[in-house]
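Enquirer: Make the full structure from the sequences, and use the hints.
So the chains spell out like this:
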Amino acid sequence: GEDVEQSLFLSVREGDSSVINCTYTDSSSTYLYWYKQEPGAGLQLLTYIFSNMDMKQDQRLTVLLNKKDKHLSLRIADTQTGDSAIYFCAESISPGGGADGLTFGKGTHLIIQP
Amino acid sequence: EPEVTQTPSHQVTQMGQEVILRCVPISNHLYFYWYRQILGQKVEFLVSFYNNEISEKSEIFDDQFSVERPDGSNFTLKIRSTKLEDSAMYFCASSEGRVQETQYFGPGTRLLVL
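Residue numbers (my numbering), protein chains in the order written: chain A, 2 to 115; chain B, 16 to 129.
Please keep in mind that the hints were generated in silico from the structure rather than gathered at the bench.
Each hint can be trusted.
Derived lysine to any residue pairs resembling SDA-like cross-links, with alpha carbons at most 20 Å apart:
(1) 107/A x 53/B
(2) 69/A x 53/A
(3) 37/A x 104/B
(4) 37/A x 24/B
(5) 37/A x 61/A
(6) 69/A x 27/A
Expert: As C-alpha cells, this is what we get:
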C-alpha cells in the first residue's frame with residue numbers, strides 16, 4: 002500500500018534555506034504535492050510536481066524529485082518567520098485524473114529561529 | 016479569492032450521537048472530498064464525490080458515514096453514531112476537474128466525541 006514518510010520537526014535560522022524531505026513507497030505515484038498548514042487554518046496547496054519531472058521552481062520554492070529513491074524534497078530559500086507552519090507531503094496515484102484521494106505524510110513542523 | 020468553507024469550526028458531541036459536518040465547496044468545482052486527521056496522525060482520505068455519487072472511498076469510510084450534496088452549494092458528511100475514535104479534524108476539499116493538483120482544502124471542523 003501507499004505510505005509517505007517525513008521527519009516531524011525541522012528548525013532553521015531566519016534567512017537560511019529550509020529543506021524538508023519526504024519519502025514515498027508507491028512507484029506508480031503520478032503527482033506529488035506539498036501542502037502548508039498554519040495554526041488553525043486548512044491545508045494550503047504550495048506546489049506540486051508531476052512524476053515525469055525532476056525539478057520545479059516557483060519563486061522561493063524548489064521541489065526536487067528523485068524517482069529512483071522515491072524521495073521528494075521542498076527547499077524554501079531565505080526562510081522567513083511567516084514560513085513557520087506544518088508542511089505536508091502528499092501523493093496521488095490517480096493516472097491522469099479521477100477522484101482518488103491523496104495520501105499524506107504526518108507533516109513536518111518548520112520552526113524558525115530568529 | 017474563492018475558498019472552501021466549513022461549519023462548525025468545532026463540535027463536541029456525546030458518543031452515539033449523530034453529527035453532520037458541513038462544507039461549501041468552491042462554486043464551479045465538480046469533485047468533493049472528505050479527509051480526517053486524528054490528533055498527531057496523518058491526514059487520511061475518507062471519500063470523494065462526483066456527479067451526485069461516491070466516486071472513491073477508503074476503508075475508514077464504513078456504514079457509519081454518509082455524504083450528501085443536498086443542494087447546489089453544500090456538501091455534508093454525516094456520522095450516524097459517533098464513537099470516541101471519531102474525534103479528529105475533518106477537512107473538506109474540492110477540485111475543479113479531474114486533475115489532482117487542484118484540490119483546495121477548507122479550514123476543517125474539529126470534532127470531539129465524549
